[in-house]
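Those letters in the sequence shown? Residues 1 to 344, by UniProt numbering.
Don't read these hints as lab results, they were simulated from the structure. Cβ atoms here follow ideal geometry from the backbone N, Cα and C, with glycine treated the same way. Mixed in with the good hints there might be a few duds.
Stated by the list, open to error - As a list, the in silico DMTMM-like pairs of lysine to aspartate or glutamate whose alpha-carbon atoms are at most 25 Å apart:
#, residue 1, residue 2
1, Lys208, Glu130
2, Lys208, Asp131
3, Lys226, Glu259
4, Lys102, Asp71
5, Lys228, Asp207
6, Lys228, Glu319
What the hints assert, rightly or not - Per label pair, the in silico range of CB-to-CB distance:
#, residue 1, residue 2, range
7, Thr197, Asp334, 34 to 42 Å
8, Gly110, Arg157, 24 to 32 Å
9, Arg159, Ile114, 39 to 47 Å
10, Ile215, Glu106, 26 to 34 Å
11, Ile114, Asp272, 45 to 53 Å
12, Ile114, Asp329, 25 to 33 Å
13, Ala107, Lys339, 46 to 54 Å
14, Ile241, Lys102, 27 to 35 Å
15, Asp272, Ala59, 23 to 31 Å
16, Thr175, Lys339, 27 to 35 Å
17, Ile215, Lys339, 16 to 24 Å
18, Asn162, Lys339, 56 to 64 Å
19, Glu106, Asp335, 34 to 42 Å
20, Ile115, Leu232, 48 to 56 Å
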Amino acid sequence: MRGTESRSRELGLARWARAVALTRSGADRSQPYEGSSNNFVARLLLLRVNQQQIPHLFAAMLHLIGLGLADEKDVTVRGLEIIKKAERVYLEAYTAVLLVSKEQLEAFYGRSVIIADREMVESASDDILEDADKVDVAFLVVGDPFGATTHTDLVLRARELNIPTNTVPNASILTGVGCTGLQLYNFGQTISMVFFTKNWRPASWYDKILENDAIGLHTLVLLDIKVKEPNLEALARGKIIYEPPRFMTVAQCAQQMIEIEEEEGQGICGKDALAVGVARVGAPDQKIVAGTLEQLSQSDLGKPLHSLVLIGKNTHDLERDYLRAYAVDPASFDDCWAKKNERK
Numbered sequence: 001m002r003g004t005e006s007r008s009r010e011l012g013l014a015r016w017a018r019a020v021a022l023t024r025s026g027a028d029r030s031q032p033y034e035g036s037s038n039n040f041v042a043r044l045l046l047l048r049v050n051q052q053q054i055p056h057l058f059a060a061m062l063h064l065i066g067l068g069l070a071d072e073k074d075v076t077v078r079g080l081e082i083i084k085k086a087e088r089v090y091l092e093a094y095t096a097v098l099l100v101s102k103e104q105l106e107a108f109y110g111r112s113v114i115i116a117d118r119e120m121v122e123s124a125s126d127d128i129l130e131d132a133d134k135v136d137v138a139f140l141v142v143g144d145p146f147g148a149t150t151h152t153d154l155v156l157r158a159r160e161l162n163i164p165t166n167t168v169p170n171a172s173i174l175t176g177v178g179c180t181g182l183q184l185y186n187f188g189q190t191i192s193m194v195f196f197t198k199n200w201r202p203a204s205w206y207d208k209i210l211e212n213d214a215i216g217l218h219t220l221v222l223l224d225i226k227v228k229e230p231n232l233e234a235l236a237r238g239k240i241i242y243e244p245p246r247f248m249t250v251a252q253c254a255q256q257m258i259e260i261e262e263e264e265g266q267g268i269c270g271k272d273a274l275a276v277g278v279a280r281v282g283a284p285d286q287k288i289v290a291g292t293l294e295q296l297s298q299s300d301l302g303k304p305l306h307s308l309v310l311i312g313k314n315t316h317d318l319e320r321d322y323l324r325a326y327a328v329d330p331a332s333f334d335d336c337w338a339k340k341n342e343r344k
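Construct the complete structure from the given sequences, taking the supplied hints into account.
This is how it looks when you write it as structure tokens:
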């Protein structure tokens with residue numbers, strides 16, 4: 001408790017100092033702050049700086065901070081400043097993952113990081129929000145803070161408790177996929193692809209692709225991530241055993257799309273449908289592969305995270321020229337592109 005109070009006092013002084021810097025007159029600005037702490041306080045009083053005038057400098061709050069797509073250095077300057085001064089720092093670790101370890105993040109931030117898994121965020125959010133109206137709490141999200149509905153829910157819970165919130169945006173796969181050369185305003189609804197099982201092959205996403213295809217738009221497919229998933233057989237015996245992490249690949253996604261197309265038969269994601277797979281977007285070893293779904297189902301893009309884009313029929317020549325450099329087979333890519341344009 002004493003440590004919390006001490007950090008709160010430090011944060012309070014830091015905010016007061018920042019307030020002074022923002023409200024000093026032109027004449028005062030050239031003079032350094034010297035002298036005793038009493039003189040320092042006197043200056044603050046003379047300036048009549050108070051919480052009502054600039055409340056955002058004084059209020060403790062919950063900060064949702066986007067980390068970007070690749071490594072520890074993708075965080076923004078503003079985000080890093082907040083992380084360094086926050087009382088607690090949580091890392092959401094189930095809707096997406098960074099390409100570096102928790103230890104690397106801690107070394108770069110100079111702070112310890114608490115892993116927030118699905119169970120904590122969805123069932124024990126009160127632990128995250130505890131005292132967030134008194135001290136700053138940082139909640140780190142891979143990509144952009146509002147890339148998942150879970151994070152919107154966390155903000156709503158904070159509002160119910162009258163806890164102020166602040167968001168620091170960053171790049172996400174929704175914008176990062178522009179690395180393919182496909183124009184972002186030509187994208188339609190984004191869909192998610194989960195791992196199929198023997199008894200569960202959800203295909204609700206197919207109708208969304210149909211809607212996108214009807215107006216010629218690309219479809220971004222977000223691939224399944226399994227982190228800290230309980231083993232169902234062990235759970236039935238009353239034991240909690242977690243499965244090893246699994247990350248869907250572009251090849252697995254392409255194969256599942258082909259299988260559902262064989263059942264639905266609408267001709268939107270069959271073997272000859274053009275698509276582009278991406279892996280580790282934003283990292284030095286970023287990978288892009290373009291081709292038919294059949295070709296992608298046999299392609300290895302390496303380590304996670306992977307995503308896939310099904311290419312719409314309303315495309316620009318610049319998109320074709322850019323993508324062709326990543327084609328598995330440029331000749332077949334050209335043939336499929338020409339056939340796709342015939343469907344316009």
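To see whether the hints hold, each was checked on the structure:
In summary, the hint linking Lys208 to Glu130 is not supported, as the alpha carbons are separated by about 39 Å, beyond the 25 Å threshold. A distance of roughly 42 Å separates the Cα atoms of Lys208 and Asp131; the hinted pair therefore is violated under the 25 Å criterion. The suggested pairing of Lys226 with Glu259 holds, with an alpha-carbon distance near 22 Å, which does not exceed 25 Å. This hinted pair checks out: Lys102 and Asp71 have alpha carbons roughly 11 Å apart, not beyond 25 Å.
About 30 Å separates the Cα atoms of Lys228 and Asp207, which puts this hinted pair outside 25 Å; it is violated. In summary, the hint linking Lys228 to Glu319 is not supported, as the alpha carbons are separated by about 39 Å, beyond the 25 Å threshold. Remark: the range hint 34 to 42 Å for Thr197 to Asp334 is upheld by a beta-carbon distance near 38 Å. For the pair Gly110 and Arg157, the beta carbons lie near 29 Å from each other, so the given range of 24 to 32 Å is met.
Between Arg159 and Ile114 the C-beta distance comes to about 22 Å, which lies outside the given range of 39 to 47 Å. As the Cβ distance of Ile215 to Glu106 is approximately 46 Å, the hint placing it in 26 to 34 Å is violated. A hinted range of 45 to 53 Å holds for the C-beta pair Ile114 and Asp272, which are about 48 Å apart. Separated by about 48 Å at the C-beta atoms, Ile114 and Asp329 break the suggested range of 25 to 33 Å.
Hint check: Ala107 to Lys339, Cβ distance near 51 Å, so the stated range 46 to 54 Å holds. At roughly 22 Å, the beta-carbon separation of Ile241 and Lys102 lies outside the given 27 to 35 Å, and the hint is violated. With their beta carbons about 57 Å apart, Asp272 and Ala59 fall outside the hinted range of 23 to 31 Å. Thr175 and Lys339 have their C-beta atoms about 30 Å apart, which keeps the hinted 27 to 35 Å range intact.
Distance hint check: the CB atoms of Ile215 and Lys339 are about 19 Å apart, consistent with the given range 16 to 24 Å. Here the CB-CB span from Asn162 to Lys339 is close to 58 Å, well matched to the stated 56 to 64 Å. Checked against the given bound of 34 to 42 Å, the beta carbons of Glu106 and Asp335, roughly 51 Å apart, lie outside it. Separation of Ile115 from Leu232 is about 23 Å and departs from the stated range, judged on CB atoms against 48 to 56 Å.
In summary, the structure is inconsistent with hints 1, 2, 5, 6, 9, 10, 12, 14, 15, 19, 20 from the numbered list given earlier, while agreeing with the others.
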